[in-house]
Amino acid sequence: MSVSKSNERLIQWTFALCGAVSIFVTLGIFAVLFWETFHFFQEVPLGAFLFGTKWTPLFVQKQFGILPLISGTLLIALIAMIIALPLGISIAIFLREYASSHLRRTLKPILEILAGIPTIVYGYFALLTVTPFLQKVIPELAGFNALSPGIVMGIMILPLSVSLSDDAIHAVPEHLRMGAYALGAKRLEVVFRVVLPAAMSGIVSAGILSISRAIGETMLVTIAAGMRPLLTLNPLGPVQTITAYIVQVSLGDTPTGTLEYSSIFAVATVLFLCTFFLNTIAQRLRQSFQHMYA
Amino acid sequence: MRKSADRLFIAGALAALGVALLTLSSLLVTVLFDGLSRIDMQFLTSFPSRKPEEAGILSSLVGSIYLTGLTALIAVPLGIGSAVYLEQYAKKNWFNLLMEINIGTLAGVPSIIYGLLGLGLFVRILHFDRSLLAGSCTLALLILPIVILASREAIRTVSHDLQHGAFALGATESQVIRRVVFPLALPGILTGVILALSRAIGETAPLIAIGALTYIAFLPDSLFAPFTALPIQIFNWVSRPQPAFHENAAAGIIILLVTTLLFNAAAILIRNSLYSRSARPS
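Taken in order, these protein sequences are the chains called A and B. With the working numbering as the guide, the letters of the first sequence map in order to residues 42 to 335. With the working numbering as the guide, the letters of the second sequence map in order to residues 14 to 295.
Think of the hints as simulated: they come from the structure by calculation, not from any bench. Keep in mind the model is a prediction, meaning the values are calculated, not measured. Hints may contain errors.
What the hints assert, rightly or not - Keeping only pairs whose Cα atoms sit at most 27 Å apart, straight-line, the calculated DSSO-like set for lysine-lysine is:
hint, chain 1, residue 1, chain 2, residue 2
1, A, Lys-149, A, Lys-227
2, A, Lys-46, B, Lys-104
3, A, Lys-46, B, Lys-105
As the list claims (entries may be wrong) - Computed, partial: chain A to chain B, Cβ under 10 Å:
hint, residue
4, Ala-72
5, Leu-155
6, Ile-158
7, Gly-164
8, Ile-192
9, Phe-306
Using N, Cα and C, we set each Cβ at its ideal position, and we do this for glycine too.
Make a model of the complete structure from these sequences and hints.
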């Protein structure tokens, strides 16, 4: 045997160290975010941050109420969900329950191209193609608005929503379908009365993951939604999302140690906690779902 | 009655598919229409400029190539190493379970957060500044979970019989990994790595967060040189009001899309050759 036992140990430890890197990444994210956020809250009261309705960090009269950024983020995510979920679920049902396997094998890679396109490209498309097109239909639509990036984001996360819904539908055991058919149910009844209810927790999990993806999306909203933090649910005007604010500050030459600098970490902490929370729920739902039909 | 409901649903689903395909094709057509005429040798070999017709993507294209290469150098060994550890060595205990859950969580962290991690860790604490190295480290951490998940998937498909056979012949764990598991998992790992890198090429937000510059009129000559990247250059051009810059942005997008599509195509080819090989009767 050419490889000695201590060598084997060494190799195992090298692999384990590689594995430990991802733990350090998580610790690093926590440390960096919380450290700067801690500085931020030494100057801005938590209540004023969480419930304030004005976000004006670049003005002389600085106010740090995060609600306008939250409303902007949620508004765009909501529009994206209105597009991505119904389309995603119906495409998933169609591909799994109706389409021939040949058609499915052709269409899935094409849909995956949508997921492979960088988000900056979608930003270009939303700002310079979709917005001018929508302005012909809705004349009062502003050049920067929530509607256009919301719709484009819905299409962008469609592949994710299709593939997650497809996983959920695929996991429903065949014998449930067969039982329903044996009782005389027709295809659509099987889909809506048997498959969908059985796949529900998986589909809810798909929805939650899609929302999480939408609120973390950056370049598309930075380019097409504008930079105005307004507390509004009007999709026709400009808004600013949490991610777009981070980009806005990063583009300027903000010195370390200023309140502006630490404010991007404070809002990023909110974003991080939201996505972390959503992803955890989704993962739990998925596990309980897989467990159910294992 | 029931037949027509079926038909209605199929019509709805086809309409949904139509919306997706129409969006994809109009996106591609718009970009080609706006940018194709702008692509020539001058565009590929010029530095950015205040005059749109003289501007080019040389520094950003070279920056992106360096950035992607370095990112791969950092992320691929780490990712494959983690995957091997989790699949071949890790026993079922709380620490390894935590590691598994953690990787799943990291895969869902928005890319801009990785940018802030890079800003805090690589730019400020480690003083890499806004360098190529800081950018590559940031992107490497971003794609690490994708590389790990894909590599684990690939390693898991390697048959246990083969590994047990090798053990029975007296091979050690590391020999089994090197001689049996790794060669068989390689196509799957490669596919995952290529897809992860194609994601890295298009990433913009984390690079902006670490403060990558938008105007660079020289090529990076060391790991610590400032850099720009193709998506940053595109973003810079899109944000300007003049339509001539938008044409440049479209031309840059064509280059970016061709690159990512080539990467994706390579990944699909490798995956298909893998499937056809495993489908062959033995």
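Against the structure, the hints:
no.: 1; hint: A/Lys-149 with A/Lys-227; result: 26 Å, holds
no.: 2; hint: A/Lys-46 with B/Lys-104; result: 19 Å, holds
no.: 3; hint: A/Lys-46 with B/Lys-105; result: 23 Å, holds
no.: 4; hint: Ala-72; result: 8 Å, holds
no.: 5; hint: Leu-155; result: 6 Å, holds
no.: 6; hint: Ile-158; result: 7 Å, holds
no.: 7; hint: Gly-164; result: 7 Å, holds
no.: 8; hint: Ile-192; result: 9 Å, holds
no.: 9; hint: Phe-306; result: 6 Å, holds
In this structure, none of the earlier numbered hints is contradicted; all agree with it.
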